[in-house]
Structure formats: C-alpha cells, structure tokens
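Chain order of the listed sequences is A and B.
Numbering-wise (this note's numbering), the first sequence opens with residue 1 and increments by one.
Numbering-wise (this note's numbering), the second sequence opens with residue 295 and increments by one.
Incorrect hints may have been included.
Stated by the list, open to error - The calculated DSS-like cross-link candidates involving lysine-lysine, where the alpha carbons are at most 25 angstroms apart (straight line), are: (1) B:Lys382 <-> B:Lys536; (2) B:Lys564 <-> A:Lys279; (3) B:Lys564 <-> A:Lys283; (4) B:Lys680 <-> B:Lys534; (5) A:Lys54 <-> A:Lys99; (6) B:Lys680 <-> B:Lys536.
To be verified - What follows is a list of derived Cβ distance ranges for each label pair: (7) A:Cys25 <-> B:Ser299: 30 to 40 angstroms; (8) B:Ala502 <-> A:Pro170: 29 to 39 angstroms; (9) A:Glu55 <-> B:Val590: 50 to 60 angstroms; (10) A:Thr66 <-> B:Gly582: 43 to 53 angstroms.
Unchecked claim - Example chain B residues on the side facing chain A (calculated, C-beta under 10 angstroms, incomplete): (11) Ala434; (12) Asp436; (13) Ile583.
Everything labelled a hint here was simulated from the structure, so no lab data went into it.
Cβ atoms here follow ideal geometry from the backbone N, Cα and C, with glycine treated the same way.
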Amino acid sequence: MNSDRSRRDFLVGATAAAAGMLAACSPAARERFFRRHFQELTPSEIDARMRRLKEDYDRQLGRPTTVSARAALPNTVYGYALDLSRCIGCRTCVYACVKENNQSRDPQIHWIRVLEMKKEKGIDFEGANPYYDPATVPDPDHFYLPVACQQCRNPPCVSVCPVGATWQEPDGIVAIDYDWCIGCRCCMAACPYGARHFNWGEPSLPAKEANTNMHVLGNRPRPRGVVEKCTFCVQRVREGRYPACVEACPVGARKFGNLLDRESEISKILREKRVFVLKAELKTEPKFYYFYSL
Amino acid sequence: MNPFSVLRACARHVLRGNRAYWAWIGFLLALIVWGGAAYVEQLRHGLIVTGMRDQVSWAFYIGNFTFLVGVAAAAVVLVIPAYVYGWKPIKELTILGEILAISALVMSLLFVVADMGRPDRWWHLMPPIGRMNFPSAMLAWDVLALNLYLVLNVVIVAHLLYRGVQSRPPSRFALPLIIVSIPAAVAIHTVTAFIYAGLASRPYWNAAILAPRFLCSAFCSGPAILLILFQILQRTSDIKIKNEAIWKIAELMAYAMFLNLFLLGAEIFKEFYSGTEHLVHFTYLFSGIHGHHALVPFAWGFVICGVTAFLLFLFPATRRNPVTLNIGCLLIYASVYIEKGMGTIMPAFTPDTLGEIYEYAPTLHELRVGAAIFSVGFLIFTVLCKVAVPILSGQFDPRRHASAAESAPTASAA
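If we strip away everything but chain B, and leave its shape as in the complex, we get:
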C-alpha cells in the first residue's frame, strides 16, 4: 500500500463518525469561525483591539504561547520511561503524547503569529530570504527550535502510524529520532524561558531559576491532559491501557509538582526576604500595589490549585482513585495555565520599567482569537487521535476503508 492510499484511507476514516463526533467537530469549527472573525478585525485595525499597550507589551497571547510550549515539551515525560527504560505499559501511548506535542506546537506558533504586529512579514524570519539575528536573538533560536521539534514529531508520528497501518514494526531509524526528541523537548522550553530570563530590564524574569521552573511546570501540565485522555480511551476504545501505566505517569507528575512548588518557594523566599526594588512585581502578583490587584485572586488560585494537586498526586491512595486523580489533573492544569499565562508574563510588566502601573486585562478580541487557536489545536488533536486510536488497537483496516469509500464516495463525504 502506498502512502497516498493510506492517507486517503485515513481521510475517509476521519470523515466518518457518530453524532457526538460531528457535534464536537462542529463546535470547534464554530469557535474557529467566531475567533477567526476577531482575528480579521485585528488585522484590519491593528493590535489596538487588544488590551496590550506600551507598558504591558506582551500579555495573553504570549502567556498562552509559553504555556503551550510547555505542553509540547511534556510529551517527553512519556518518552523517557517508555524508550530509555523500556517501560512497556507506556510505550504504545507515547505516540499520543507526540500527537499532543504536535497540536500544542501548532497552537503556540499560532499564538506567536497572533501577537505579531506585522504577520505579513513572517518571511523575514526565514533564513535564506529573511534575516535571522543569530546567535544573539533568543526568539530566532526559539522559532528554529519549535519548527524543528514540530517537524521531528510529525515525522515520528507519521512513520509510526504508517507502519502501524501496515502491521509492520517501525524502521530502525525511528528509535534514534525518538531519542533525539527527548533533548529537543527540553531544548524548546529552555530556549523559550531564555527569551524572558535573558532580559536584564525585567527583574521578575531575569533569574537563573526561570528555565528550571518552566520545565517543572511543563512536566506537570502536559501529562495531566494525557491522563484524562487515557481514561477516556480506556472506556471508549479497544486500546489496552493498564491502570499501572496511568499510576506511573501520575507518580512522575508528583515529583515534577514537588520540584515546581519547591522552585517557586525558593524564588519567593529570595525576593521577599531580601526585599529589594525587584520585589514589587511579586507584591503586585500576590497582594496588589497601589490599589491594583486584578491578579491577586488568580495568584492565590494557582498556588492553592498547585498545592492541592500535589497532595492528591503524592499519596498513592488518591492518585489511584479515579475521582481524586481527575480532580488533581484539572487542578494542576488550571494551576499551570494561570501561572504561565497570567503569573509569568503580566507581573513582569507591572509596574513597567519607568514605574508606571498599567493594569492589563484581555479584551474580548483576544479571548476570541485565543478560543479559535485552541480550537485549531483540539481539531488537530481530535483528527490525529481519530486515526491513531484504531491503528494502535489494531482495528484500522485501510483496505476496508478504501474499498468501502471507493464504492460509495458520496456516503463518506456526507
């Protein structure tokens, strides 16, 4: 079977689904249209439709970008034990982690594009015709790293699925690529952290601890999504996912959560105990300054969610109980989303470098564009999972899909 007919069979499989499936796809497409319209407005009027201004020049878009790079990096949490230690129960599921990485990368790149003042000049970043500021600009490194990591994951996923359709084992080049994806995942999030950590003008970011904090929080949030997905698949598909595998991932997450809280605590101690002028950004985040405290509830929200999730994952009894496990997953996801989005970007700009306090809040335009980008990501994730799940469970028969579709092309399109 050649790649094109496999691709065609996959496409036909994606176009078949029950009512719930189409309702979900329809919901995502509706959000994409609704948010896409907001982006068209942004293209027409400029970034003035956002809540950002000179004082807070990065906000919601860049916060989401940062969070999603972390989600993309987290696929590595599954790859390490599966391949380095040959840990069987997770091995088949690694591919789902990589599908998540692909979706998260597409979303993070879209958030960067949404934040650009001149998206029409994207080609200035393409090395042969553009002009990349290597090696000094961290964003240039990041664009390169993210795109390479995206290509790497697309190649790995496509290869594993292609071989899966043919019921053949992966080629011998697959494993080296998968091993390379481990340092690549660490690299993308480190480089993203360095964009911020390298700026001496922003003491809130200019700390060596920033990159380790980014990695730890990513290793909490990324697997949380996968744990929920695995439990859904346990109930709705024929993939054999052992509880043991879920518990193992939860245990790894507990370590990451501990480190995440420890590093946050270390940073908070240093700032509050020494109490230099740099403290003002932390004060703004946790207690507000001069009557500005929009972020305070969110700040305590992410701390409380993070600590609760850690406790739930720490004790074997609660991380093995599906109810408390899922509550923990939602809490840690919310915690990291708030911490990376609102807690990492906005306090660095409040007050600004000249001491002015501009309290940022996202506009409906930004939320709509964000909803559209998340919908694109979920759409990619849904479509790839729709193909990958039957392949993984050995139920995907391309010949059946192909021949059935050939005989009744109109039915498959409907």
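Next up, chain A with everything else stripped away, as it sits in the complex:
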C-alpha cells in the first residue's frame, strides 16, 4: 500500500517536473523544437516563421537580411542545359555558387562538382578526377563535366526520405525543409549524381561574405546535421533572375529557362541541339541537360 502511494507520488512528480522543464524553456526555444513541416503551414504561419527566421539571421549576420518564402511562379518548370564544348573547367561557377548560396566555408561544401575526364574515354565516371589542378585550364587531353543537382522529374531522393523533408515544387525544383530533415542521409545514398551534401560539422559562414537575399527553401544558412543541395538558386529564379552559375560562367556554357515557354532559350536548345542526360538508364529523368555545341 505504502509503496503504491510512493510509486504514484513518483509518477506525479516526474510528470510535473517534465511539464515544468518544458514550460521553463523560452517560447522561442519551444517553437524551434516543435517546428512543423513547411508544407503544413498556413500562409499566415509562413509569414510568422519568415519573420522569426529574419530576426535570427539579422542577429547571426549582424545586418538586415530578407527571408522570402516566394512560391513557384505559374506555368513555369525550370530546365538547365550545359554546353560541354564550351566548358573550360575553370570552376568559376563553383565559387559563385558558394558565395550566392551561403555554403559552409569550413568545412567546405560545394554544390557544383566539376569532373575532369579523358577525351578518349568520353563520359566515364570511373576515371573522373574532381581534384584536377593544372597550371592552366583547359588541358588539351581532357574535357570538363560540371555536375550539380539534376532536378530529376523522378527524384529518388524524394521517395526514400522517411519524413518527407524533401519534395518537388510545382516549378520542378527539388526542395529541402532544413528544419524537418533528420539527417539520416537516405537521400544521399539514393542520389545517383552525388548532388546532396551533408553538414557534418557546424557550418561556418563569415558574416561579411554572406548573401542576405535569402529564400527559406534555398540559401538561408543551414543548421548542422542536415542535407543541402543546389536549388537552381530558388531565391533568384523565382524573382525572374538567372541562377548565379549561369551569370558567372565566363564562356557562356550554362543556359537556363522555362521549359514550358516555347520561346525560352532552354526550349530552343532542346529543339535545335541534340541533348542528353546523365545516367539516363536510371530513369530519373533530369531537367538538367548536357549538349555539345561543336
């Protein structure tokens, strides 16, 4: 009898202590812990979350930031084409991307990986070298194949995510909710293009180098322990601008546009050039095309 009462006392006490601990947390901390999935938020909840994110990033970066949640534009599906005849392997795109998209500088994360391949072998990943370092590019015996997220129509990363933290937006961009990702890395195992990158350590972003024009599904600073990847610069393209890599490419190898618009540059390339996609046999159906203009 006595022990029954003490057990009940213990249970009551433990419950009260747990509730007390929860109540003692600041409302902001509680909100951060119990943050709901981005796609489940109502428009007013999205506004509220953007305001809180902005406050966080203003404080973190020490200057005013904008955090947009701008939705996909109507009648738009983005496509990308890369001219392998022009690419010289200079990696300007890689660093323009890092700057635009606030990737961690240390540990270093690159969303674009440029592979050096032997001309005589064609596209052969087994002999590819991502760490090429000649005095000048291009090397006469090699060609260069930049790879980033292929924005598949059939993205295997989306099917395997156990919590639905990654999905395809109406404009075809495969997005990640950094606040919902549990860091299991199933998507990294599933991606055939090595496009997904994990924040193994605390990402570092020097405040003075940060891009303060941010999108919630794109280039806002990421927390540790979650996966990130190329979003076609969602913060730019939904404002009608080109992705940073397209603007940065010194040889004009990178083309981008709306696949649903017959007059766009990307549609013309698909009509007039013979394009191909990487690992077509896997049926991922990328919206990232490659072609040879020469």
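For this one, chain A is given, so just place chain B on it according to the hints.
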C-alpha cells in the same frame, strides 16, 4: 501475485550476484560511460567526428545496424522448429532467442539514432505528430517494423516469464503471438535489405539477391551466439539443455551457411563474368582499386571464416565436438559481422556515384560509441537472462526474493 511485486522480485534478483557477475556489469557500465562520452562529443561537434563524409555517407554505424537486425531476426531459427514442429528440446530455449532479439533490436535502433544528424528531431518519425513518408520510404517501413517486432518480443518474453514465475502455463494468446513473430522476423530483415536493394544509384546493392543474402547470413550469425550461451548455461545453471538440441540448431545453421555461400558465389559469378562497370565495387572489396585496399584483408577474412565454419558445421563429427563447434560459432559470427558491417555498406560507396574514391576508416569516436551500444545490448541481455534462467529452471521463488528483500532492503541494494 500482482505484476508489480513480480517485477520487484525480479529487480531484487538482478541486484544480487557474485563477484564475477558484478565485475561483468561494472565492465559494461564502464564501456557505456566511455562510449557515452564519445557520443556527447558527437552531439557537440556533429558527425564530423566520424570518418564518414559525403562520398561514404553511411559506414560503421549503419553496418552494425544491419548486422544486428539480422541477429534479431535469427530468433526465428529457434521458434520455427520449436513451435511449428513441436520440437521439444528447443522449446524452453526459444525464450532465450527472443531475449537475444530484444537486445539486438535495442542495439540496432541505438545505432540508427547514433547515425542521425539530428537525433533531436526523432519525433518527426512518429506518425501522429511527425510525418512519415509512407509507403515510398523504406526507412519509414523499417522503423515501424523494428518497433513492432520489439514490442512483440517484449510482450512474449514478459508474458512467458510472468507465467513462469507463477508456475502457470502460458495463456492461449501466447502461441498466436509467437507464430506471428516468425513472419515478423523475416519481415524486419527483408525491409532492412530493401532500404539498400531499392537504390538504383548503388549497383552494389541494387540486386534482387540482397534480401535472400541478408536472411541467410542472419540465420548463421544469430544462432551462433545462442549456441555458445547454451553451452555456458549447461555448465553453470540447472536448465536442462540436451546436446541433441544444440546439434539440431547447428545442423540448421549448416543449411543456412551453405545457402549464404551459394548466394554470395552466385553474385560474384555474375559480377565478375559480365564485368560491367558495376564490378568496380566488388573489385574494391576483394582486390582493391588504384592503390586503395583497406578492405581486402577483411574481405578474404570473411570468406575464409565463412567457408571454414561451414565445413565445421557440415560434418556431424565436428559439429558435435564442443571444441570445433565453438570455433565454428566464433568463425561464422566474425564472418557475418565483417560481411555485414564492412562488406555490405562501405564498398557500395567506394567509389562514389561520380567515381571518386574516398577510403573510409572508422574513427575512435565511432568505435567508442559502438562499444557503448554493444554494452547496452549485453547489459539488457545479461539482466534478462539473469531473471529468465532461474525461472526456466524452476528455481525462481518470488516470495523468497520478496520477503528476504523486504526484511533487509539495504543488503539487496549493496
């Protein structure tokens, strides 16, 4: 006797033991503290303290997870003959297999948690408040299957032990649950294999033979642990374990080992004979590529251990000789541990999908966290066996335990 007083009596029994028992418990607790400290470091700095990187994004933790799911599934090897064929000598021992399954499941779930980048968001996987990606995500299925199998085994073990304390036969609901645990065991390991086999990006895994291989290797490794345990119990407890039962399990293991080697051989033939670009992962495992051959000794190690163990279990003379039987158990355990841990996960990522070779090796942090998780599993296994063994041998007297403890509470705590 109500369940609480049984539970109290069991707890008091667990707190009593000789010096060897406490030395073992102390050893496990020390490892848990040592490895737990490494996990705290991992929580503070992130998974960067491991040897994993983008190229090899799953490794030691997930390899151990895979191995332990197999161990958990293997309890079924004992349940099938015991209950389906009413095979007496094994029946009493089935409960030990299920205790092993519980321990292995806890370990495998802990390895998944250790591998998560955001363990604080575990609740995202809980259906009502979280958001599970059903039915397309295999990991979501696996989390569900593993937890259901854990609950099933806990219920069965708790029920059988509770009735055992009261010297009453199990209720009529027990048998259906035990029968259900057979397909459930097959299911957990199949779903685990499907996590890997479904990934077209990883040709090393993307084969129909993967799930059958997983099941066969599990049926080799799980019973090996039990065979050693049974021999210890034969000598140190009053449970009557007939040699006949041990030999029967060894015979079943020999069949599983044959199938395991056959399926491995079939896969190796297909890869090496056709020699497509997919061969590179097998080449990395068995002979190394471009000067990277960290796994080669392990690969040949698991093949040699597996073949030797098979031969030892194949011939009745060697599987009935306790020395060769135990050598065989250790060899097959080592073989499957290496094959599932290093041989299944790492070669799939080496080279990575873009052809880069990053040669992974576990860091001390990973080994320490692994040691802690194994210690948690052994602790659960020890405590449950400590209670189950006297109950099974009919020597557990809850009244004696309860009254003795009531009169001298300080003595039992010491």
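Hints, one by one, checked against the model:
With a C-alpha separation of about 10 angstroms, the suggested pairing of B:Lys382 with B:Lys536 holds against the 25 angstroms cut-off. For the proposed pair B:Lys564 and A:Lys279, the alpha carbon gap of about 22 angstroms is at most 25 angstroms, so the pair holds. Using a Cα cut-off of 25 angstroms, the hinted pair B:Lys564 and A:Lys283 holds, with the two alpha carbons roughly 23 angstroms apart. The hinted pair formed by B:Lys680 and B:Lys534 meets the criterion: a straight-line CA distance of about 16 angstroms does not exceed 25 angstroms.
A distance of roughly 19 angstroms separates the Cα atoms of A:Lys54 and A:Lys99; the hinted pair therefore holds under the 25 angstroms criterion. For the given pair, B:Lys680 sits about 20 angstroms from B:Lys536 by alpha-carbon distance, which is consistent with the 25 angstroms threshold. Taken as a hint, the range 30 to 40 angstroms holds for the pair A:Cys25 and B:Ser299, whose Cβ atoms sit roughly 39 angstroms apart. At roughly 36 angstroms, the beta-carbon separation of B:Ala502 and A:Pro170 lies within the given 29 to 39 angstroms, and the hint holds.
Taking the beta carbon of each, A:Glu55 and B:Val590 are about 54 angstroms apart, inside 50 to 60 angstroms as hinted. For A:Thr66 and B:Gly582, the hinted distance range of 43 to 53 angstroms is satisfied, since their beta carbons lie about 51 angstroms from each other. Look at B:Ala434: its Cβ gets to within about 4 angstroms of chain A, closer than 10 angstroms, so that hint holds up. A hinted interface residue such as B:Asp436 counts as satisfied when its beta carbon comes closer than 10 angstroms to some beta carbon of chain A; here the least separation is about 8 angstroms, so the hint holds.
Interface restraint check for B:Ile583: the shortest CB-CB distance to chain A comes to about 9 angstroms, inside 10 angstroms, so the restraint holds.
Violation of the numbered hints given earlier is absent; every hint is satisfied by the structure.
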